[in-house]
Amino acid sequence: MKRLAIFSLFGLLFLSILAWNNADTDPTDSDWPEYLGGPDRNHYSELVDITPSNVDQLKIAWRYSLPDSGQMQVNPLVIDGVLYGVSASVQAFALNAATGKQLWRFGDPLKDWSSTSRGVAYWTDGKEQRILYTAGPNLWALDAKTGKPITSFGDQGKVDLHTGLPAVAQKKFIISNTPGTIFEDLIVMPVRLSEGSDAAPGDIRAFNVRTGKLAWTFHTIPYPGEYGYKTFPKDAYLNTYTGAANNWSGMAVDRKRGILYVPTGSAGYDFYGGNRKGQNLFANCLLALDARTGKRLWHFQTTHHDVWDRDMPAPPNLMTLQKDGKSIDVVTQVTKQGFVFVFDRVTGKPIYPIKEVPVPTVGLKGEKLWKTQPMPTLPLPYARQSNALTENDISPYAENREELKQNFRKYKTGFYDPPSIEGTVIFPGYDGGAEWGGAAADPEGTLYVNSNEMAWILTMKPPATDLLANASPGERVYLNTCASCHGTDRKGNAKSGFPTLVDIGKKRDKEFVTQIVTAGKGMMPGFPALSNAEKQALVAYLFGDEKKEVGAVAGASKPVQLPFYSTGYNKFLDSKGLPAISPPWGQLSAINLNTGEYLWQVPFGEEPTLIAKGIRNTGVENYGGPVVTASGLLFIAATKDGMFRAFDKRSGKVLWETKLPAAAFATPATYSIDGKQYIVLACGGTKLGTPKGNQYVAYALP
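Residue numbers (numbering that gives the first Met the number 0): 0 to 701.
Accuracy of the hints is not assured; some may be wrong.
Claimed, not checked - Straight-line C-alpha distance at most 35 Å; calculated DSBU-like pairs for lysine-lysine: (1) K322 - K255; (2) K233 - K126; (3) K520 - K276; (4) K233 - K294; (5) K367 - K322.
To be verified - So the derived label-pair ranges between C-beta atoms look like this: (6) V501 - D673: 50 to 58 Å; (7) K354 - D323: 42 to 50 Å; (8) L377 - T239: 19 to 27 Å; (9) T216 - Y351: 18 to 26 Å; (10) D184 - V345: 19 to 27 Å; (11) K658 - K506: 23 to 31 Å; (12) D323 - G80: 39 to 47 Å; (13) T376 - V501: 49 to 57 Å.
No wet-lab data here; the hints were simulated from the structure. The beta carbon of each residue, even a glycine, is placed where N, CA and C say it ideally should be.
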């Protein structure tokens, strides 16, 4: 009996070591060396100094204050005692990770970029160390020790991310919010593009880390003769009326097998596909590519012919599961829809059956919807689905509940109901379900995912041709590029996160607005393809000093005219700006992927305006991922209530929480120096109406 017990113990130990090795991480490493912890993107640490029994003793170890403030989504890296991060204005920096003292700081000398960064990538050959990060459309290579550009890389230290795209896309909007993925001497770059018909193609491209030269390209909108070419119209690859199908959320890589796992987003235009009829490969796919060559190994499409903005929002997780007495290396993908897809890493075979569910096929005029959409049988969705909603799901806390019920009756709520004139409920919403923070995973096969349950209303309408016909040149540019988010009246939709542009001249100068129009800000795309004359006309219109008698703008661009457009990104809210659907509005779930069953699911976060009324445990919208440790803890901030929490990963019970100097919409990092474990996160606030912040804060035991 003792021999059997010893053998079983040895077997479990062996499987644990095997699982750890397959996760591509080093159990003795005290660093946080890559985005989300490692190439597996599992947000996992073997550190055990901070435990469920002492976590309530955590104190601030150091703070680092930046001269700029605003949203920071950064998951910092920590390597050999040095922390590498990015500021709100997208400047890279290095700190002593034990003290928070700045070692160096680098900003693009040409511009002060207003986009949002999630961090940097690190490469070394054992001798040289490089930090690679993006500012605007440029990928920079910096000396990790000094922060100075490596002039032998690209053009004096930088590579334009338009490199390798066709000529038609050279002036189109392109940035990167998410760090690239390193494989050998390559970095594969995620890119963020326009979501309209003017989007650049979302080609997956690898660059040489040493030289900056383009190494390989995978066309996500296939060229003639390539696999998937017939799933788009024959001229789609020319990028004259559709584009995107890009990876913006990041990737995972199995370095032992040389396989890169790339989740992609929708093709443009996001909400109408009548001009891109077909299944639309490789939009909305999990791609497995040969990391050395970019050759497709296998793929799975999670939404066919997407007209709902169902991008895959986060990198996949590389895990090892125990099923039927066998260890299986898998790749796991969370989605905005609240689904978890699990595949064999090598073959792409689903671990749990996926059924193709019939969906409505009658949509807007000219649209041709796909007849089915894939749904995993296990695990069950971690977020409610729109087709399960009824009038009884209208929030009990809404003062205008009856009005909301009347509106709800008008909307389409079926599973994958198409965009409509009357309005279609997108639930989980455009931001998920899961969002860019991604899921955490441990070697035991448990997936931890934080999710949103915010409903949005997708309403379509024909183009405002009557407005355009009588519009001034600047107003015409505004209606074509800005009105879908900020409204034809420029009043915006503050509750949904889109500010008013009325009286913008009283708040900002023309130079600032012109820069934002060109380069974007936060999650707003830029419009670099606009001519200087168009930008001048637009800014003059916004500032109220456009001369109405001016003729058409010389060289004005002519965007592709579609028969229908979205009226904007509108949340389904009550009169107080709270979600119109009943709580929970955010959840945290633990799923045993060995069985497909849930271990626990709890509301995540508190709504500040309801706490004063004694209403607790509503959950809230949340952005930024968790970190899981071998000691049994799950750390996560991410909520607009500005709290940082530690959960018992076995039960979902909150063990510790503390108020941050500003809300942290970012994923923490944990590391140890001289035997002391730290947990650090970027506190920039700003999102969801929270106050701005400018600090990185590290916690440790006294």
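To see whether the hints hold, each was checked on the structure:
no., hint, verdict
1, K322 - K255, "holds, 22 Å"
2, K233 - K126, "violated, 48 Å"
3, K520 - K276, "holds, 32 Å"
4, K233 - K294, "holds, 22 Å"
5, K367 - K322, "violated, 40 Å"
6, V501 - D673: 50 to 58 Å, "holds, 55 Å"
7, K354 - D323: 42 to 50 Å, "violated, 21 Å"
8, L377 - T239: 19 to 27 Å, "violated, 42 Å"
9, T216 - Y351: 18 to 26 Å, "violated, 33 Å"
10, D184 - V345: 19 to 27 Å, "holds, 24 Å"
11, K658 - K506: 23 to 31 Å, "holds, 30 Å"
12, D323 - G80: 39 to 47 Å, "holds, 44 Å"
13, T376 - V501: 49 to 57 Å, "holds, 50 Å"
Comparing the model with each numbered hint stated earlier shows that hints 2, 5, 7, 8 and 9 do not hold.
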